[in-house]
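Undergrad: In the UniProt record's numbering, the protein residues as written are 1 to 65.
To be clear, the hints were calculated from the coordinates, so they are not data collected in a lab. Even glycine gets a Cβ: it sits at the ideal position worked out from N, Cα and C. Where hints are given, some of them may not hold.
Stated by the list, open to error - The list that follows gives simulated cross-link-like pairs (lysine-lysine, BS3-like), each with its CA atoms no further than 30 Å apart:
hint	residue 1	residue 2
1	Lys46	Lys31
2	Lys56	Lys46
3	Lys56	Lys31
Said to hold, decoys possible - Computed spacing ranges between beta-carbons, pair by pair:
hint	residue 1	residue 2	range
4	Gly6	Arg41	37 to 47 Å
5	Pro45	Gly6	56 to 66 Å
6	Asp60	Tyr34	13 to 23 Å
7	Ala8	Ile38	39 to 49 Å
8	Glu64	Lys31	15 to 25 Å
9	Pro7	Arg50	25 to 35 Å
10	Glu64	Leu15	17 to 27 Å
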Amino acid sequence: MALSTGPAQIWEQRLGILDECLHTLNQIQRKFVYLEPIFGRGALPKEQGRFRGVDKEFRDIMSEI
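I would like the entire structure built from these sequences, with the hints used as guidance.
TA: Have a look at this one:
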C-alpha cells in the first residue's frame with residue numbers, strides 16, 4: 001500500500017528545497033564578499049574588468065531575488 005503525500009509533507013519538501021537554495025546563495029555571496037576587496041584594490045588588474053562584469057550580473061540576480 002502506497003503512502004499518500006499530504007499537504008504537510010509537500011510543504012516540508014518545498015521548504016527543504018528552499019533551505020538548500022538559500023544556503024547555496026549564502027555561500028556564493030560570502031565568496032563574492034571575500035573577492036570584492038581583492039579585485040577592488042587592483043590586486044589582479046588583468047581580471048578586474050571581468051570581475052566587475054560578473055559582479056554586476058550577480059548583483060542584478062540577487063536584487064531580483
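Undergrad: Determine for every hint whether it applies to the structure shown.
TA: Results of checking the hints against the structure:
1. Lys46 - Lys31: Between Lys46 and Lys31 the Cα gap is close to 20 Å, so the pair holds against 30 Å.
2. Lys56 - Lys46: holds (17 Å)
3. Lys56 - Lys31: holds (15 Å)
4. Gly6 - Arg41: 37 to 47 Å: violated (54 Å)
5. Pro45 - Gly6: 56 to 66 Å: This hint holds: roughly 58 Å between Cβ atoms.
6. Asp60 - Tyr34: 13 to 23 Å: Taking Cβ atoms as reference, Asp60 and Tyr34 lie about 20 Å apart, which means the hint holds.
7. Ala8 - Ile38: 39 to 49 Å: holds (46 Å)
8. Glu64 - Lys31: 15 to 25 Å: This hint holds: roughly 19 Å between Cβ atoms.
9. Pro7 - Arg50: 25 to 35 Å: Hint violated: Cβ distance 47 Å, outside 25 to 35 Å.
10. Glu64 - Leu15: 17 to 27 Å: holds (21 Å)
Violation of the numbered hints given earlier is confined to hints 4, 9; the remaining hints are satisfied by the structure.
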